[in-house]
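Q: Sequence:
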Amino acid sequence: MAKAETRVLTAHVPIPLAEKLDQAADRLERSRGWVIKQALASWIALEEERDRLTQEALADVDAGRVIDHQAVQAWAESLGSDAPLPNQRLGLFD
Numbered sequence: 001m002a003k004a005e006t007r008v009l010t011a012h013v014p015i016p017l018a019e020k021l022d023q024a025a026d027r028l029e030r031s032r033g034w035v036i037k038q039a040l041a042s043w044i045a046l047e048e049e050r051d052r053l054t055q056e057a058l059a060d061v062d063a064g065r066v067i068d069h070q071a072v073q074a075w076a077e078s079l080g081s082d083a084p085l086p087n088q089r090l091g092l093f094d
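For the sequence shown, our numbering gives the first residue as 1, with consecutive numbering after it.
Just so you know, these hints were derived from the structure itself, not from any lab. Nothing false has been slipped in among the hints.
Cross-link-like lysine to any residue pairs, in silico, SDA-like; alpha carbons within 20 Å at most: (1) Lys-37 with Thr-6; (2) Lys-3 with Ala-41; (3) Lys-20 with Lys-37; (4) Lys-3 with Arg-30; (5) Lys-37 with Asp-26; (6) Lys-37 with Ala-24; (7) Lys-37 with Glu-49; (8) Lys-20 with Ala-41; (9) Lys-20 with Arg-30; (10) Lys-37 with Val-8; (11) Lys-3 with Gln-38; (12) Lys-20 with Leu-40.
Since we're looking at a predicted model, the values are computed, not measured.
Working from the sequences, and respecting the hints, build out all of it.
A: Structure follows, in structure tokens:
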């Protein structure tokens with residue numbers, strides 16, 4: 001099996017963060033490099049998902065799929081009352 005090409009990256013991190021990295025690597029019995037790769041891959045995936053959701057939300061706005069602020073506020077204020085407004089009125093659960 002061929003090894004994937006790699007590139008060395010460097011970063012200056014605060015000492016407390018570096019110490020936590022060392023502790024995690026020791027606890028997991030893995031190298032610092034392995035822990036960093038796992039953390040970076042997770043962070044990239046999270047940012048990609050955040051961007052996807054943002055683009056999806058912007059498309060909803062462009063298409064006019066929005067909820068009026070006053071309607072949301074009225075719904076939120078009704079939650080503590082004896083007659084809370086249903087979510088369906090807002091179109092949250094179509």
